[in-house]
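Here the protein sequences come in this chain order: A and B.
Per our numbering, residue 1 is the first one in the first sequence, and the count goes up by one each step.
Per our numbering, residue 523 is the first one in the second sequence, and the count goes up by one each step.
There could be a bad hint or two in this list.
[What the hints assert, rightly or not] With a cut-off of at most 27 Å between alpha-carbon atoms, the simulated DSSO-like pairs for lysine-lysine come out as follows:
1. A:Lys151 x A:Lys172
2. A:Lys64 x B:Lys736
3. B:Lys658 x A:Lys151
4. A:Lys506 x B:Lys672
5. A:Lys506 x B:Lys658
6. A:Lys153 x B:Lys1027
7. B:Lys658 x A:Lys137
8. A:Lys506 x B:Lys674
9. B:Lys1027 x A:Lys432
10. B:Lys585 x B:Lys674
11. B:Lys672 x B:Lys648
12. A:Lys329 x A:Lys303
13. A:Lys153 x A:Lys127
14. B:Lys679 x A:Lys127
15. B:Lys585 x A:Lys506
16. B:Lys1027 x A:Lys151
17. A:Lys511 x B:Lys648
18. A:Lys137 x B:Lys953
19. B:Lys736 x B:Lys674
20. A:Lys394 x B:Lys915
21. A:Lys511 x A:Lys432
22. A:Lys506 x A:Lys432
23. B:Lys658 x A:Lys432
24. B:Lys693 x A:Lys506
25. A:Lys175 x A:Lys137
26. A:Lys394 x B:Lys1027
27. A:Lys127 x A:Lys137
28. A:Lys151 x A:Lys137
29. B:Lys953 x A:Lys151
30. B:Lys672 x A:Lys432
31. B:Lys736 x B:Lys915
If you're looking for bench data, these hints aren't it; they were derived computationally from the structure.
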Amino acid sequence: MAAMAAALRGLGGRFRWRTPAVAGGVRGAAQGAVAGQWDYDLLVIGGGSGGLACAKEAAQLGRKVAVVDYVEPSPRGTRWGLGGTCVNVGCIPKKLMHQAALLGGLIRDAPHYGWEVAQPVPHDWRKMAEAVQNHVKSLNWGHRVQLHDRKVKYFNVKAGFVDEHTVRGVAKGGKEILLSADHIVIATGGRPRYPAHIEGALEYGITSDDIFWLKESPGKTLVVGASYVALECAGFLTGIGLDTTVMMRSIPLRGFDQQMSSLVTEHMASHGTRFLRGCTPSQVRRLPDGQLQVTWEDHTTGKEGTGTFNTVLWAVGRVPDTRSLNLEKAGVDTSPSTQKILVDSREATSVPHIYAIGDVVEGRPELTPTAVMAGRLLAQRLFGGSSDLMDYDKVPTTVFTPLEYGCVGLSEEEAVARHGQERVEVYHAHYKPLEFTVPGRDASQCYVKMVCLREPPQLVLGLHFLGPNAGEVTQGFALGIKCGASYVQVMQTVGIHPTCSEEVVKLRISKRSGLDPTVTGC
Amino acid sequence: MAAMAAALRGLGGRFRWRTPAVAGGVRGAAQGAVGQWDYDLLVIGGGSGGLACAKEAAQLGRKVAVVDYVEPSPRGTRWGLGGTCVNVGCIPKKLMHQAALLGGLIRDAPHYGWEVAQPVPHDWRKMAEAVQNHVKSLNWGHRVQLHDRKVKYFNVKAGFVDEHTVRGVAKGGKEILLSADHIVIATGGRPRYPAHIEGALEYGITSDDIFWLKESPGKTLVVGASYVALECAGFLTGIGLDTTVMMRSIPLRGFDQQMSSLVTEHMASHGTRFLRGCTPSQVRRLPDGQLQVTWEDHTTGKEGTGTFNTVLWAVGRVPDTRSLNLEKAGVDTSPSTQKILVDSREATSVPHIYAIGDVVEGRPELTPTAVMAGRLLAQRLFGGSSDLMDYDKVPTTVFTPLEYGCVGLSEEEAVARHGQERVEVYHAHYKPLEFTVPGRDASQCYVKMVCLREPPQLVLGLHFLGPNAGEVTQGFALGIKCGASYVQVMQTVGIHPTCSEEVVKLRISKRSGLDPTVTGC
């Protein structure tokens, strides 16, 4: 490890750094330098899930690859290491804090199962946060080691295009470097959006870029937004015992099946999360005692509301990290409305040798595994003689709210919109996880539905699962649906007893039948 | 509920009971009821398979009866309607497994910020009572379900009189004759006691008893290497009991042996003691009430001895066929196993007598297969269906402390069927994200997929060892049922961060010799 650390420290020294003053003269050096016309076969801008996967795959195929990554601190000053959103301010810390929250519920279950735990058990944010942050830091390190092992050059610089084959990188101290490459992949992802016209929003609010890195408990928190980020954050904050309110303008989890989304928020509300629906904040002020006073409009009543919180977390969407890339210098087109990069099915931008993958791309699911797969397939096409395209259809995902929601394929609404009510059959069940019985947990929102074509053999269009371990349950079914599973085949699949996932292969009640979908017996 | 209870209590009164003395005269009465027979379908055994078959037939409009009778275990344990799974199998087992898992999660909790004072003691009585109460509620639920679907239920011990007639004997000795057009035998099995070990029957218990103990079993010796043995030893260790497993040869015979080794390796590293290559020879009760067990260690050739509070035999199961008087009906059984022989339609040697579930020769002893077989049988008999039960690619999960889920062929079977050169095995040692913060050891978290080597590399089997293996495996069982290939698995996008995504990220083949340890995320 010590040798590795020395090697990583030495990395910067092996390249030519220039000061801004002489940057103009670097151009020629960058082009002429190493083997061939360009410094690198592949330059990846952005060291997140997609960019790293693409870079490592290309390196494994024997190409000369560089990754540039630079984390602009959040408005609150939070910064982090290599790995992108997922590792630092997304999936990883989120799932760990979700696990912390789940443990709170399991500790309350424990006495029913014979464990003599004195209740209530207090929670220490500092201890949890430190453990989560240490794990993330170990992953940052792991990513650097992996790049080093595969001989991918890593530059901790902020990148902007100079021309369509050249990128200028600016390091923290202002030093500049020019890097040229035959192929360039943009994988800079996105960052949380702050609302534009709310007084005090930027000054006093935080986002998901900050919440996982807080050293002290956020205390009483207002989460503004209805995205999965909003609900996941509110879910774990509630779960570790904090007074948490979600303020949403309209519907939760837009784009997801709306029946499932309603059940998700219903479950959260019944477990202590407060909801302010149909409300939009208008002002955030800091009171003399340090608390934040939030004023909002309630669009249902037309009245103004007000409340005080320790923390206000904006989860109102994300913006692509394209602004500082100088895309116009390379001629890369973006969507005028979203500023996301426009690509074709080969992930190519308007400039044929410049590609884009992941959250920065228009119309792609903002998910780590799709970015990883897209990046890997792109490298294989560029350098491995492959022609396999990324298939963005039937991508499974899971929302890690306190009751997890896993889904793959079409929502019921989408299926009906595409095929018509008469051509769609929906099978569903309200079930009770066995583990809920002993502690007497309420299972009102444990629900599964499968959306099928009505015509035999009833092709499965979508699966929606709400319950414990939804992510674990959904993954395998995503394979089945990818293989073109029909309802008939689902019914021929033997269950694994006793599990929650077996409820999927036991789905016998259609919505159309009007019969009670509550599972009885075992 | 009160009205329902009255209805159920009244149930026995609505039929003709006879005393043994006049039983001989009942025959005609039984035949003359409706049509030629009393019932369209008589199911012997109210377990998972029997109940599913009976309910399906009733839903198809047929007149159906179920007879069920639980012979108390040698230790005197008895239970209600629902069979092995509900009373002395899957359900109490999974709940006690959950109790044991909670023990580990409570130790994780401080790392996640929860200020739980350690160690936390465990109270068997409280757990057992909660589990037993849940089982009793399921017993009741099954009675309600039969009542709702107008299936007659008789709490009698059944034996064949002839090929259409069964004699039922109630607890008090009262007899009843029941005749039916079709008869389904679904009596399942019971734990086997070893035959020639002194004190085995007298002092030992089995899985028929463990879930119904009011007091903690204390220091326990589990004899056997079946999944029942390992699951019981796993949860006993997990709730803090000193637990030893004694096995003669290999663990989990019939399962993939690499996976089986990892299962026991994990158990051993979490406190379960193993005595391998040993067989017990004697159990004696000491004056202080403890049990002294003597065994032979076949490796050293020496005799070993130890004292335990409880000795649990988990050395296999025997089909419950002996009291059925099968010879009166002409139903054939296997001479070696006493299990009933059936064809692919579940028909026995007597065409209108069928058998499903654990009592049948060569079937997986699993609740969901019995349920599906029973339901399909009823649909063939009364619903005009011709669909046969497909016993191939049945998934299952062993609920040891680290769960092991599998579907399809083991690596050994795949190689035996297709040859080493035609099989490709992809594998990975992974670390569940949730293990990182508490610093749990993930040495045994492992997944392997057994495929044909020839493109597109049809998936023959999947083996997953890790948390929530049951939840992980189910969906892949559908995929494999649909003929999934390795190529399709690789085209499936993962769900991040989960353990199940490790399956769709399997890139390292055993043949490559590369390190299968997953790095990064």
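Any hints from earlier that this structure breaks? Give me their numbers in increasing order, please.
Violated hints (numbers, rising): 2, 3, 7, 9, 11, 12, 13, 14, 17, 19, 24, 31; every other hint is consistent with the structure.
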